[in-house]
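2 protein chains.
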Amino acid sequence: MEKGLMLVVSGPAGSGKGTVNGRLSKMDGYAFSVSATTRAPRPGEVDGVNYHFISREEFEERIARGDMLEHTSYCGNYYGTPLKEALEVLEEGKNLILEIEVEGAMNVKRLYPEAVLIMLLPPTFAVQEWRLRHRGTETEEVIQRRLARTREELELLGEYDYIVYNRPDCAEDCVEDIRAIVRAERCSLRRHPNAKKAYFEQD
Amino acid sequence: MEKGLMLVVSGPAGSGKGTVNGRLSKMDGYAFSVSATTRAPRPGEVDGVNYHFISREEFEERIARGDMLEHTSYCGNYYGTPLKEALEVLEEGKNLILEIEVEGAMNVKRLYPEAVLIMLLPPTFAVQEWRLRHRGTETEEVIQRRLARTREELELLGEYDYIVYNRPDCAEDCVEDIRAIVRAERCSLRRHPNAKKAYFEQD
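As you go down the protein sequences, you meet chains A and B in turn. Under my numbering, the first sequence has 48 at position 48, and the numbering climbs by one with no breaks. Take the position in the second sequence, starting the count at 1, then add 1000; the result is the number in my numbering.
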């Protein structure tokens, strides 16, 4: 079976990445990466579904041996993307979606260079600003911080492979763009380094 | 309007490129490149449809000023892909399909680096051989020459961007692969070199 692709999907606040990734991960052949954490499970949370719940010692050991694709620490607990579990999903032939921030994406690229890095963006900064204000869930201070953060995030845009623009009410187009990216990447020559040899040798 | 992509589709004898390109060029937003030639039109042939019929002097002038993406000479006449006409099709927003051999493809890449180079291949050499024999239109000598030629052609495979495998009775999959490649290429970061600047400046 052909291995799945690791898809890193990043996007600033208001880019609609939650909606797009949510729809994509429900499609055949796609899975959403389950993070690992050291925090205790809350009532109803299932190990391996909501999170991989692991001990602090195990988390730190896995960081040390390069088995966390990326990680961060929040309120005294670690959160991260475990490499081993990710590779298992890829071996099942599923494309794995990692919704992570730009700094984490750089780590993933370093540890797993075959990853495909996709930046989801509103059509313009003005649209992003409008969306953040329009959903009305954040204070002006938070909105300002998120907009400022976007400028930082886009400093690393050049490290990404693709930009997918999320036009208003067009989340479905983004899903189709990402599916096309996966299909095209499977045909890309860099994923067939032994194509010539294989062509003449296979029966 | 967004400019179309120049798609170079090559493939050895028996790869099915005629079928695939024929279907693709009938789709919305695609056009098949019309070659230029110095030979006289045959009865019923229409200038600009079957060929661009031009004089030997004009053809040689166009070669000299780099206005032939690639060309060859056959039975005392020139045949080639005119750049100006190609650019006009792209400006109309259509993706232009150039069905040309590997040497011509290298020329196109040199003169128009944004071109996307796609190699169409049967799944294996054994399948290619079977197809050539099975269609029964060529002599054994011609079949042997075409198979030997395939080895030469694939020497340049590393210069291509994508491989599309044409499995038996799956021409439609190849058309979908190429459409996915076009959609993905439109999202590729190298086609959005000023994305960051544009993001913050556009209204």
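What the hints contain is simulated information worked out from the structure, not anything from laboratory work. Quantities reported herein were computed from a predicted structural model and do not represent experimental measurements. We put the CB at the ideal spot given by N, CA and C, even for glycine. Careful, some of the hints might be misleading.
[Claimed, not checked] Rough simulated footprint, nothing fancy, chain A against chain B, three-plus residues with beta-carbon under 8 angstroms:
#	segment
1	1019-1025
2	1120-1134
3	1168-1181
4	1184-1197
Hint-by-hint comparison with the structure:
1. 1019-1025: With 0 residues closer than 8 angstroms to chain A, the segment 1019-1025 of chain B misses the three-residue bar; violated.
2. 1120-1134: It holds, with 5 qualifying residues against the three required.
3. 1168-1181: holds (count 5)
4. 1184-1197: Held - the segment 1184-1197 of chain B has 8 residues with a Cβ nearer than 8 angstroms to chain A, which meets the minimum of three.
This entry does not satisfy hint 1, going by the numbered hints stated previously; all others are met.
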